[in-house]
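There are 2 protein chains.
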Amino acid sequence: MRIKKTLPNSAWGRLGDYLRETQLLASIHNTLYWDQNTIMPYAGSAWRGEQLSFMAKKLHSRQSSKEFEELINAAKQEFITNDLDEDNAKDLNLEKQKNIELLEQDFNRQKRLDPELVVQLASAQAKGYNLWQQAKAKNDFSCFAPALKKLISLRQEQAMQLNEDRSCWETLAQPFEPDLTISRMKELFAPLKKRLPEILEKVRGINKSFEAKWDLQEHSQQLLCDRLLNAWGIDTKNSAIARSPHPFSITLGPNDFRITTRVVSGHPLSCFLATAHEWGHSLYEQGLPSECHKWFAWPSAQATSMGVHESQSLFWENRVARSRSFSEYFWRHFVEAGAPLKSGLDLWKAMNPLSPGPNRVEADEVSYGLHILIRTELEIALLEDGLSVEELPYEWNKRYKDLLGVIPKNDAEGCLQDVHWSEGSFGYFPSYLLGHIISAQLTRSMEQKLGSIDERISLGDVSSLLTWLRENVHHFGRKLNGEQLVKEVTGEDLNAKLFLHYLESKVDELSSLT
Amino acid sequence: MRIKKTLPNSAWGRLGDYLRETQLLASIHNTLYWDQNTIMPYAGSAWRGEQLSFMAKKLHSRQSSKEFEELINAAKQEFITNDLDEDNAKDLNLEKQKNIELLEQDFNRQKRLDPELVVQLASAQAKGYNLWQQAKAKNDFSCFAPALKKLISLRQEQAMQLNEDRSCWETLAQPFEPDLTISRMKELFAPLKKRLPEILEKVRGINKSFEAKWDLQEHSQQLLCDRLLNAWGIDTKNSAIARSPHPFSITLGPNDFRITTRVVSGHPLSCFLATAHEWGHSLYEQGLPSECHKWFAWPSAQATSMGVHESQSLFWENRVARSRSFSEYFWRHFVEAGAPLKSGLDLWKAMNPLSPGPNRVEADEVSYGLHILIRTELEIALLEDGLSVEELPYEWNKRYKDLLGVIPKNDAEGCLQDVHWSEGSFGYFPSYLLGHIISAQLTRSMEQKLGSIDERISLGDVSSLLTWLRENVHHFGRKLNGEQLVKEVTGEDLNAKLFLHYLESKVDELSSLT
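Just so you know, the sequences run in chain order A and B.
Numbering-wise, the first sequence is residues 5 to 518 according to the working numbering.
Numbering-wise, the second sequence is residues 5 to 518 according to the working numbering.
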C-alpha cells in the first residue's frame with residue numbers, strides 16, 4: 005500500500021491549500037496562547053516562550069515566502085484570465101478579488117520584516133507577559149520596565165522595517181484598525197474628550213451608592229454565566245469556557261470557539277459582564293463567513309478590525325446585559341444565586357454604578373472612554389514623542405487625576421493593570437472606544453429595523469438581535485473596513501454623536517433614581 | 005538595529021540545537037493533545053486532527069532528514085576525535101556515546117517511514133479517537149469498527165516499512181518496550197496466566213462486600229486529590245491538573261508537568277487512585293536527567309519504557325495509596341470529606357474490594373493482570389493472526405467469561421472501554437503488567453535499603469521513597485532498557501515471583517478480614 009496525495013489543478017486551489025496550512029500554524033500558535041493563559045503552570049513559561057517564538061518564525065516565513073508570492077501571482081493571473089468575464093458568479097468574483105487584494109497587502113507587509121525581528125519580538129512578548137505578571141503581583145513597576153523598553157524599541161524597529169507612509173504608532177495600529185490615522189482618531193475622539201468629563205462631573209458621587217455591597221460565591225457566579233450563555237445560544241459542542249487572569253476570546257478552529265472569564269473578589273458582577281463581553285466577541289467570530297470551512301483560511305472571512313470586534317462585545321455587554329430591560333428579565337436568577345436584590349431595578353443599579361475608578365475593565369460606560377484616551381495618548385507618547393518608560397507611572401497617575409479625578413493606589417492598579425503593553429500590543433486601545441461608537445451607530449440601525457431592542461430583551465428574545473447582526477454586520481468579514489462598514493450599514497459616517505446621546509439618556513435615567 | 009544569531013561552534017552544539025527545535029515541535033504536538041483531551045469542544049476535533057497531522061508530518065520530516073543524519077554523523081566524528089581520550093569526563097562521554105547510539109537507532113527507524121503514512125496515521129488516530137468516543141457514548145461498536153480496521157492496516161503497513169527483524173506486533177511494541185519479544189513476554193507472563201485465576205478463585209465473592217456503598221461529592225473528591233498531591237510534594241509552579249475522559253500524564257516542557265483525572269459516579273475512590281497513578285508517572289518524568297534543560301532534548305534523558313513508567317505509577321497507586329498503612333494515615337481526610345468510615349481499616353477495605361469486574365481501570369490488583377493478558381492476546385491476534393474486527397466483541401466477551409468470570413453488559417464496558425486502540429496504540433498494554441512486575445522487584449530493593457516502606461507511609465513520610473526512586477531508578481533515563489534497569493537495581497532478572505508473592509500476602513490479609 006502506498007498512499008498518494010493529489011494536488012488541486014487550479015492555481016486558486018493551490019493557493020487555498022497553502023493558506024489552509026498557514027492557518028493550521030496560526031491556530032496552533034493560538035492554542036499555545038490559550039493554554040498559556042488558562043492552565044499552564046508558571047514555570048512552563050520559558051519553554052512556552054520558545055515554542056511561541058518558533059511558531060511565530062515559521063508563520064512569518066510562510067507569510068513572506070517566495071512560494072507564497074508566486075501562488076498569489078498565479079491565482080491572480082488565473083482569476084483575471086478565467087473569471088472576470090463570467091457574469092453568473094459575480095459575488096464569488098468580488099470575494100476572490102478582495103482576497104487577492106488583502107493577500108497582496110498582507111504579504112507585502114510580512115515580506116518587509118526581518119525574520120530575526122519576528123523571533124525576537126515573539127520572545128520579548130512572552131518574557132514581557134511573564135515579567136508583567138510578576139510586576140503586577142509584587143506591585144513593582146521597575147521589574148517590568150526593562151521588558152517594556154525592549155518591546156517599545158522592537159516595535160519601533162518593526163514600524164521602520166514596514167516603512168509605510170504612516171507614523172510609527174499608526175503603522176502598528178493597522179493590524180487592529182486598518183486605515184486609521186492619528187488625525188482621524190483625534191477628530192472622532194474630540195467630542196468625547198470634551199463631553200465625557202462633563203457628564204462625569206454631573207454624576208460624580210451621586211451614584212456611588214449603586215455599587216454592590218454584596219458578593220457571590222464563585223460557584224454561583226459560574227452558574228449565572230452558564231445561564232447567560234445558554235440564554236444567548238451557546239452550543240457547548242463548539243465552544244468552551246475557562247478562567248484566565250485577563251478575560252479574552254479566541255478562535256482555535258472553524259468550529260472551536262473559546263472564551264475566558266475571571267472571578268474578582270468583591271465585584272460580584274465582574275465575571276458575569278466579562279462573560280457577556282467575551283461571548284460578544286465570539287458571536288462575531290462565529291458569524292464570519294467561514295461556513296463549511298470554505299473561507300476559513302482566507303482573509304476575506306476574517307474579522308475586519310478590533311473596533312468592529314469591540315462593537316460586538318460591547319453591544320452584548322452594555323446594550324444588552326447592562327440594560328434595564330435585561331435586569332428586569334434576569335434579576336431573579338441573581339436572587340437564586342444569593343444576591344440580596346429586591347427588584348430588577350436593584351440589579352440594574354448595581355450593573356451601572358457610574359462611579360469613576362482606576363480600573364478600565366471594571367469601569368462604567370461614562371468613564372470607560374477616558375481610560376482609553378489616557379492609554380492612547382500615553383502609547384503614542386512612548387512610541388513617537390520620547391516619553392520614557394520611567395516617567396510612565398507618573399504620567400499615568402497625573403492623567404487619572406486630571407481626567408477621572410482618581411489616583412491609583414499603586415502601579416498594580418495603575419499603569420500595570422492591563423496586559424496589552426506586556427505583549428507589545430500598541431495601537432489596540434482606541435479600538436475599545438471605537439467599538440463604543442460603532443456599537444451605538446449599529447444599534448440605532450438595528451432599532452430602525454426591529455423596533456426597540458429593550459422590548460425584545462425584556463422578553464428574553466435576543467436571537468432576533470443576533471440574527472440582525474449576522475445578516476447586517478458579521479458576514480462582511482474583511483471586505484469592508486470599520487468606517488466603510490458603519491457607512492454601509494447605517495448610511496452615516498462614523499461619529500460619536502449617538503454614543504454620547506445614549507450615554508446622556510442613560511445617565512439621566514440613572515440620576516433620577518438616586 | 006539588525007539582530008544577529010550566533011551558531012554554536014561544535015558539531016555537538018549544532019546537533020543539540022537541532023534536537024531542541026525537534027523537541028519544541030514534539031512538545032507543541034503534546035500541548036495540542038492535552039488541550040484536545042481536557043477542554044477542546046467536540047466540534048473542534050476535525051480541525052485538531054489536521055493540526056496534529058500537520059505537526060506529525062513536520063516532526064517526522066525533521067527526524068528523518070538528511071540534515072539530521074549529517075548532524076549526527078558530524079557529532080559522532082567530533083566525539084570520536086576529541087572526547088574519547090579525555091579521562092576526566094568519563095560520565096559525560098558515556099552519556100554522549102549513549103545519545104549517539106539512540107539517535108542513530110531512532111533516525112534509522114524514522115527514515116524508513118513514508119511521510120504520507122505518517123500523515124495518514126496521525127489523521128486516522130484523530131478520527132479513530134473521535135469515533136471511539138461516539139461509539140462508546142452510544143454503545144455502538146459498529147460505528148468505530150471501520151476506523152479500527154483502518155488503524156490496524158496502517159499500523160501493519162508501518163511495521164512493514166520499518167522492516168525490522170521482528171514480528172508486526174513486536175515492531176509496534178518497540179517504542180513502548182524496547183527490545184521486548186513475544187516469546188520473552190509469554191515467558192514472563194506465563195506464571196501470571198496460571199496463578200492469577202487461581203488467586204481470583206480463592207477470593208471470588210468473599211470481598212464483594214468491601215466495595216464502597218457510599219459516594220463523595222465531586223468537590224470533595226477534588227479536595228482529597230489536592231491533599232494527596234500536596235502530601236506527595238506537588239509544586240503548582242510547575243504542575244497542573246485537569247479532567248479528561250481517560251486519565252493521563254504528559255510533560256509539555258522541562259518545567260511543565262500535567263496530569264488529568266476523572267470523577268466516576270458511584271466510584272468514590274476512582275478519582276483519588278487515578279490521581280495517585282498519574283502523579284506517579286509525572287514523578288518519574290520529573291526525576292529524569294533533564295535538569296537545567298541541558299538534556300531535555302536528548303534521548304538519554306527520556307523515559308526508557310512504558311513498563312518502567314507504569315512501574316512508577318503503579319508503585320504510587322498500589323504500593324503506597326492502596327496500602328493498609330496509607331489508609332491508616334489518611335482515612336480521617338476521607339471522613340472529613342463525607343465518607344462514612346469508622347477506621348483506617350474501613351478505608352483499606354474499600355480501596356481493595358478484590359472483586360473482578362469488566363473494567364480495567366477500576367480493577368483490583370489481582371484481576372488487573374488478566375485484563376492485560378486479554379488485551380495483549382487480542383491485539384496480537386488482530387495484527388498478526390487475522391482476527392477480524394467484527395469478531396472482536398465476541399472474542400473479548402468470551403475471554404472475560406473464561407478468565408475473569410464476568411461478561412460485560414455491552415461493548416461500551418467491553419471492548420470499547422479503553423482509549424488505546426482508538427489512537428492506534430498497539431503493543432502498549434503489556435507495559436501495564438510489566439509495570440506491576442517491575443514495581444514489585446524495585447520495592448523489594450527499596451525495602452532492603454530503607455526497611456519497611458509501610459512504617460514510613462504510616463508516618464506520612466513518602467519523600468524518602470521518592471528520593472530512593474530518584475537516586476536509583478529515575479536518573480537512568482534511556483541509558484538502560486526495562487530489563488537492564490531491573491537487573492542493575494535489584495541484581496535479579498525480570499520475573500513475576502515477587503509480584504505474585506506480594507499479591508498472595510495481600511489477598512491472605514484481606515481474606516482474613518471478611
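There could be a bad hint or two in this list.
Which copy? The list can't say, so a pair holds if one copy fits it or any two copies do.
[Unchecked claim] List time: in silico EDC-like cross-link candidates among lysine to aspartate or glutamate, alpha-carbon distance up to 16 Å:
#, residue 1, residue 2
1, K510, E496
2, K190, D422
3, K405, E459
4, K501, E394
5, K142, D21
6, K154, E427
7, K131, D406
8, K405, E417
9, K62, E25
10, K61, E25
11, K405, D465
12, K154, E289
13, K154, E388
14, K453, E427
15, K115, E73
16, K241, E105
17, K405, D239
18, K154, E394
Hints listed in this document are in silico derivations from the structure and should not be mistaken for laboratory results.
Status of each hint after checking the structure:
no.: 1; hint: K510 <-> E496; verdict: neither (23 Å within a copy, 82 Å between copies)
no.: 2; hint: K190 <-> D422; verdict: neither (23 Å within a copy, 62 Å between copies)
no.: 3; hint: K405 <-> E459; verdict: neither (39 Å within a copy, 65 Å between copies)
no.: 4; hint: K501 <-> E394; verdict: neither (37 Å within a copy, 70 Å between copies)
no.: 5; hint: K142 <-> D21; verdict: neither (48 Å within a copy, 35 Å between copies)
no.: 6; hint: K154 <-> E427; verdict: within (11 Å within a copy, 45 Å between copies)
no.: 7; hint: K131 <-> D406; verdict: neither (33 Å within a copy, 59 Å between copies)
no.: 8; hint: K405 <-> E417; verdict: within (14 Å within a copy, 66 Å between copies)
no.: 9; hint: K62 <-> E25; verdict: both (11 Å within a copy, 12 Å between copies)
no.: 10; hint: K61 <-> E25; verdict: both (15 Å within a copy, 12 Å between copies)
no.: 11; hint: K405 <-> D465; verdict: neither (42 Å within a copy, 56 Å between copies)
no.: 12; hint: K154 <-> E289; verdict: neither (33 Å within a copy, 35 Å between copies)
no.: 13; hint: K154 <-> E388; verdict: within (15 Å within a copy, 60 Å between copies)
no.: 14; hint: K453 <-> E427; verdict: neither (41 Å within a copy, 52 Å between copies)
no.: 15; hint: K115 <-> E73; verdict: within (10 Å within a copy, 32 Å between copies)
no.: 16; hint: K241 <-> E105; verdict: neither (35 Å within a copy, 47 Å between copies)
no.: 17; hint: K405 <-> D239; verdict: neither (44 Å within a copy, 42 Å between copies)
no.: 18; hint: K154 <-> E394; verdict: within (13 Å within a copy, 62 Å between copies)
Violation of the numbered hints given earlier is confined to hints 1, 2, 3, 4, 5, 7, 11, 12, 14, 16, 17; the remaining hints are satisfied by the structure.
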